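S.K.: Sequence:
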Amino acid sequence: MISFRALRRALVSTVSGVLLAASLISCSGTRAEAPQAAAPQADAAFPVTIDHKFGSTTIESRPSRVVTVGWNDQDFALALGVVPVSTRAWFDEYANFPWVKAALGGRKLSTFSAELNFEAIIKQRPDLIIAIYETVNKETYDKLSQIAPTVIQSGDYADEQTPWDVQTLTTGKALGRPAEARALVDKVNAKIAEAKQAHPEFAGKVLVVDFGPENGQHWLIPARDPRRALFDALGFAAQSESEEISEERLDLIDRDVLFVNGATRATMLKSPVFSRLKVVETDRTIYTDFSTPLGGALSYSGPHALLYALDVLVPQLANAADMDPSTPVKDLSAIT
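Sequence positions in the sequence shown follow mature numbering (1 follows the signal peptide of the UniProt record, and there is no 0) and run -21 to -1, 1 to 315.
In short, the hints are calculated from the structure, not lab data.
Do not rely on the hints blindly, as some may be mistaken.
[As the list claims (entries may be wrong)] Each computed EDC-like pair below joins lysine to aspartate or glutamate, with the alpha-carbon atoms no more than 20 Å apart:
(1) K102 x D121
(2) K152 x E113
(3) K257 x D290
(4) K80 x D106
(5) K184 x E159
All figures in this text were calculated on a predicted structure; none of them were measured in a lab.
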C-alpha cells in the first residue's frame, strides 16, 4: 500500500506537470508532451546469495521487514541501521543499553518471546529472517524459510559459535549493507589494536571468565567462545579447563586475572572459598552483573556493543593485569 506521504508527493508532481503543460499550450499554441518517467534504478546489492550449513539462501531484493530470531542478531542489525520489526526476547534491559538507545533513536523495538514462536513471526510478515546466533536444526530452518528467506550460520562453525566479525559481515550482506558492515568490523579491530599496543602486559596472561556463577557452581568459558572473544582479541590467554566446576575446584580460576560475568562483587564475596582466592584477595578480579550494560554488551557482542565494552573494560583490565594489589579495580557490577 502506498503511503499518504508518497501519494501526496505523486499528486503534487502530477498537478505541477498539468500546470506546466497548460502554460506551454497557452504560450505556444502547440501540445506539450509530458516527459517520460525515469525507470527505477536497480539495487546493486541484490539479489544476494548467502551460503550456510543447510545450503544457501537467496535474497532477491532489499528487505524492509526484518525479524531476528537468534539471541543476539538484533544487535548486529541495529548496528547497521536496521530496526527489526520483531526480535527474540532476551535481556529485559536491552532497549535501555546506551548503544541500543542511540541506534533506536526513540523508536520502539518489538519482541515476540523468548521461545521460538512461529505464529508470532508469521504475523510480522517478514521479508527476511536472521537466525545466526541460534541452534537451528533442519526442521526449524525449513519452517522458517517457508515464512521468508532465512539466514543462518555457516557450516564452518559450531552452533552459536560464529565469531562476531563473521556475524557482522554476514548480516551486512543479507541487509544489503556490506560496506557498512566492513567499516564496523574495521572500527572495532582498530580499537582492539590500539588497546593491545597501549597494554602489552595483557599478552599471555591467563584471564578466566567465570560465567553466570550461582549456588556454588561456576562455568568457565573456553578460548574462542564468542562470550570471551574480546579478551582473546586483547591478547589474554584462556585456562585449559572449561564448562562447569564446583567450589571444590575453584583453584582452577585462581590465575592472573578473573572476570566474573553474571554476579555482583557483593554476592561473590559471600563465599568464603571464593574470597580466599589470591586473584580475589589481590584485587585482580573484575565483576559485572548481567543486568548491567557491560554484561549485556558482552552477551550481545554486536560491533557497537563491543566498542562500548572496550571503553568500560580496558582501564580496569589494565589495573588488574599490572599485578599490583595497590592499584584499585573498579567494581563494574555497580555501574548501571
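S.K.: K80 and D106: Cα distance at most 20 Å?
M.R.: violated (25 Å)
S.K.: Take a quick look at whether K257 and D290 sit within 20 Å of each other, Cα to Cα.
M.R.: violated (27 Å)
S.K.: For K102 and D121, compute the direct alpha-carbon distance and say whether it is at most 20 Å.
M.R.: Holds, at roughly 18 Å.
S.K.: Just to be careful, I want the Cα atoms of K184 and E159 compared with a cutoff of 20 Å; is the pair within it?
M.R.: violated (34 Å)
S.K.: Are the Cα atoms of K152 and E113 separated by 20 Å or less?
M.R.: At roughly 19 Å apart (the allowed maximum being 20 Å), E113 and K152 satisfy the hint.
In this structure, the earlier hints numbered 3, 4 and 5 are contradicted, and the remaining ones agree with it.
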